[in-house]
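*Asks:* What follows is each chain in one-letter form.
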Amino acid sequence: MYYFDPHIHMVSRTTDDYATLARMGCVAVSEPAFWAGFDRGSVDSFRDYFHQLTDFERRRAAQFGIQHFTWLCINAKEAENVELSREVIAMIPEFLDEPGVLGIGEIGLNKNTRNEAQIFLEHLDLAIQFDQPILIHTPHLEDKYLGTRMILDMLTSDHRIDTDRVLVDHVEEHTVGDVLKDGFWAGMTLYPVTKCTPQRAADIIEVYGPERLLVNSAGDWGPSKPTAVPDFIFEMRQRGHAESVIRRVVYENPIEFFSQSSNFDYRAPDEEAVVTI
Amino acid sequence: METSATQILDREFLELRARILELAASFDRLERAKGTVEGDQRWDLLQQGLEVLLGSQEERARAVQLLFSLSYDPDWREKYGLSRGVSNG
Ligand SMILES: [Zn+2]
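Taken in sequence, the protein lines are chains H and Y.
Read left to right, the first sequence gives residues 917 to 1193 (the numbering used here).
Read left to right, the second sequence gives residues 728 to 816 (the numbering used here).
Treat the hints as calculated values from the structure; they're not laboratory data.
As the structure is a prediction and not an experimental result, all values here were calculated from the model.
Hints should not be assumed to be uniformly reliable.
[To be verified] Lysine-lysine pairs mimicking BS3-like chemistry, simulated, CA-CA at most 30 Å apart:
hint, chain 1, residue 1, chain 2, residue 2
1, H, 993, Y, 806
2, H, 1097, Y, 806
3, H, 1027, H, 1097
4, H, 993, H, 1141
5, H, 993, H, 1027
6, H, 1027, Y, 806
7, H, 1141, H, 1027
8, H, 1097, H, 993
[Unchecked claim] Quick list of simulated restraints, FRET-style, between CB atoms:
hint, chain 1, residue 1, chain 2, residue 2, range
9, Y, 734, H, 917, 15 to 25 Å
10, H, 967, Y, 768, 38 to 48 Å
11, Y, 783, H, 1058, 22 to 32 Å
12, H, 961, Y, 739, 43 to 53 Å
13, Y, 731, H, 1124, 15 to 25 Å
14, Y, 798, H, 1076, 21 to 31 Å
Even glycine gets a Cβ: it sits at the ideal position worked out from N, Cα and C.
Start from the sequences and build out the full structure, keeping to the hints where you can.
*Replies:* Written out as structure tokens, the structure reads:
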């Protein structure tokens, strides 16, 4: 089965990972901008990172038949540096017309501070000004519930936000209901310890249905598993779910959500056949 | 195809048994170690988590998640001075 990984940080992964993903049926990835593991020192550092995301990474993925898309922002972990955050937000429009740029993300909250909320709101302004879809990171562990509620407050109180064009990521049992109820898309991240397991993601699909739900690996430089989406597919099959339901979650839903971006030029692999026998 | 509760138990029994055993061994390890975790808030949370599992309520996973979560204050925006509709403060 072909699938998308709609949230994976390939700049932190090896070329071997691309090969493995391709062999497991991955045909496209979307890579939100995130934290490098250390705070970047200047706006030029972000400019180089965005260049890597929009140029080098796209070409590296293409070598394995994987189409690479990306989202741009300054991560919530770096939002405490308000001055730098504003410089990055002002620079992002330089890249919005680059191929594969789907929107603004992953913006969000980390420790739910005032500065994080402030910079989140300024990212929303940027997205609205440039008519961009939005991909949102929700905090980890004990901060998730509070942070998700705060994010939903900021989104739903802004009448300019089109809920169809916002994906709220890393939802779990205690946040998925609120996100879907407010009309947003929701992503489930399959992480070994701190987020969802393939089993719990399958439970959430059974409770809420496949509509507006995506699954991703959020593979990055930390403990994570880039092949987690195939684990989810396997779990769903073992439970006897229809292939059409599985495909909806891992392939059709990402395409439907991403198609709202003007730079989403995805072509299904069979449309690309160049050799006929 | 609708899976019955018995079919799920058939599939998951050994795994559930193993997970209970892991918890039991972890608690033994804590007890064998020097010192105590009595009074540690995390220990209290773990005890409450076990009570959720044994209770009769629905949506246990959600209840466990909420147990380990900070609570939400609907007035957070006012407290942060980020009033509605103003994004450039
Ligand atoms: Zn991420």
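*Asks:* Which hints, by number, does the structure contradict?
*Replies:* none
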